[in-house]
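> Let's have the full structure, built from the sequences with the hints guiding it.
One letter stands for each residue in the lines below.
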Amino acid sequence: MSHNQLVHAVDILLVEDNPGDVRLTREAMKEARIAINLNVANDGLEAMKMLRQEAPYDSLSLPDLILLDLNMPKMDGREVLRLIKSDDQLKHIPVVILTTSAAEADIAQAYGMHANCYITKPVELDEFMEIVKSIEGFWLTVVKLPKNPSQ
Amino acid sequence: MKYPANAVDILLVEDNPGDVRLTEEALKESRIAVNMRVARDGIEALEMLRGEGGYADQSLPDLILLDLNMPRMDGREVLRQIKSDDRLKHIPVVVLTTSEAEKDIIQAYGLHANCYITKPVELEEFMEIIKSIEGFWLTVVKLPDGLGK
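Here the protein sequences come in this chain order: A and C.
Mapped onto the numbering used here, the consecutive letters of the first sequence carry residue numbers 1 to 151.
Mapped onto the numbering used here, the consecutive letters of the second sequence carry residue numbers 1 to 149.
If you are wondering where the hints come from, they were derived from the structure by calculation, not from laboratory data.
Since the model is a prediction, treat every value here as computed from it, not as a measurement.
Don't take each hint at face value.
To be verified - In silico BS3-like links for lysine-lysine, alpha-carbon gap of 30 Å or less:
(1) K142(C) / K85(A)
(2) K121(A) / K103(C)
(3) K49(A) / K133(A)
(4) K147(A) / K28(C)
(5) K91(A) / K142(C)
(6) K28(C) / K91(A)
(7) K133(A) / K103(C)
(8) K131(C) / K89(C)
(9) K144(A) / K131(C)
(10) K74(A) / K142(C)
(11) K30(A) / K131(C)
What the hints assert, rightly or not - From the derived model, a few chain A residues whose C-beta atoms are all more than 12 Å from chain C:
(12) D17
(13) G20
(14) R33
(15) A35
(16) N37
(17) L38
(18) V40
(19) Q53
(20) D58
(21) S59
(22) L83
(23) I107
(24) S134
The beta-carbon is built from N, C-alpha and C at its ideal position, and this holds for glycine as well.
Structure (structure tokens):
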């Protein structure tokens, strides 16, 4: 396998309102061979403030990868996806949809709105951890991520 | 991880016959049934995707593997046209190219490439990369359910 030489830690923004899923994602990523800085937004509004570097997030750098839940309070993932992919400062950042929904309508809509990929969260714990590791293995070692122009 | 019940249709857009052959061989070893079609340049790819030319009865692919540097119409233009076409834009496009230029990477993501992967020169690594793409996109990811089928 040709692993990219990632010299710096990879910044991941997890947009997720379920504290259990946040904790499991964090644990799965701790076992990674790659240094990961994981920031968490608990809803869509907070995610957009972080991505637009609005106070109190004005010193936060843009993430290299976004993991986005669809169903969240305040602003849901569909609206966050639409805003990211129509913003010239943000649209290059890969967005992985990670949701419990397996509805065809959600899948088609997300790809139509330029989600980079769509993954359904398994309910079973071991499978959930495997999925997070698959995302990490593919997106952080196989794929070339864009370098953020702002960094 | 679930395996798709039906064969997965992949369109490979690639002008290099060596890379086409290696991709075919790597996919043959797959546990998933894959139907791979090949377009040799961007114009042929768009004809296949739009059912033009001699391709009237073809269904849309589930996944597109797209080279960037090709004769007649390059991959950037193909990507731009796919991602601005309401009939095609839901199909995931994996850019697979020898270019490691930052400019190409950021431009491809800005044009809504689903992911960008550089082709390794070394044979074993190339085969591994194709298997990684297959493993991730065909077993981990939910692909859209062939809207054009």
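> Now, for every hint given, state plainly whether the structure supports it.
Cross-check of the supplied hints:
Restraint check for K142(C) and K85(A): the C-alpha separation of about 20 Å stays at or below 30 Å, so the hint holds. Distance check on the hinted pair: K121(A) and K103(C) sit about 34 Å apart at the alpha-carbon level, beyond 30 Å; violated. Under the criterion of a C-alpha separation no larger than 30 Å, the hint pairing K49(A) with K133(A) is consistent with the structure, at around 27 Å. A hinted pair counts as satisfied when its Cα atoms are at most 30 Å apart, and K147(A) with K28(C) does not qualify at roughly 34 Å.
Annotation: proposed proximity of K91(A) to K142(C) holds, straight-line Cα distance about 21 Å (limit 30 Å). Distance hint between K28(C) and K91(A) is unfulfilled; the C-alpha atoms sit about 35 Å from each other, more than 30 Å. Between the alpha carbons of K133(A) and K103(C) the distance comes to roughly 29 Å, so the proposed pair stays at or under 30 Å and holds. A hinted pair counts as satisfied when its Cα atoms are at most 30 Å apart, and K131(C) with K89(C) qualifies at roughly 24 Å.
Restraint check for K144(A) and K131(C): satisfied, since their Cα atoms lie roughly 16 Å apart, inside the 30 Å limit. At roughly 26 Å between alpha-carbon atoms, K74(A) and K142(C) fall within 30 Å of each other, so this suggested pair holds. Between K30(A) and K131(C) the CA atoms are separated by roughly 25 Å; this keeps the pair inside 30 Å, and the hint holds. A cut-off of 12 Å between C-beta atoms confirms that D17(A) is not in contact with chain C; the least separation is 21 Å.
Consistency note on G20(A): stated as away from chain C, and its beta-carbon is indeed over 12 Å from all of that chain's, at 21 Å minimum. Distance to chain C confirms R33(A) as a non-interface residue, since its nearest Cβ pair spans about 16 Å, more than 12 Å. Against chain C, the non-interface label of A35(A) holds: every CB pair exceeds 12 Å, the least being about 21 Å. Annotated as non-interface, N37(A) keeps its C-beta farther than 12 Å from every C-beta of chain C; the closest such distance is 20 Å.
At the 12 Å boundary, the C-beta of L38(A) stays outside the reach of chain C, the nearest C-beta of that chain being 19 Å off. Look at V40(A): its CB is around 22 Å from the nearest CB on chain C, clear of 12 Å, so calling it non-interface holds up. For Q53(A), the requirement that its beta carbon stay farther than 12 Å from each beta carbon of chain C is met, with the minimum near 19 Å. In this structure D58(A) is separated from chain C by more than 12 Å, as the shortest Cβ-Cβ distance comes to about 24 Å.
Distance check on S59(A): its Cβ is at least 23 Å (rounded) from any Cβ of chain C, clearing the 12 Å threshold; non-interface status holds. Remark: the non-interface label on L83(A) is consistent with the geometry, its nearest Cβ contact in chain C lying 15 Å away (cut-off 12 Å). For I107(A), the shortest C-beta to C-beta distance to chain C comes to about 5 Å, within the 12 Å cut-off, and the non-interface label is violated. Against the 12 Å criterion, S134(A) falls within the reach of chain C, whose nearest CB is about 5 Å from its own CB.
The structure is inconsistent with the numbered hints 2, 4, 6, 23, 24, although it conforms to all the rest.
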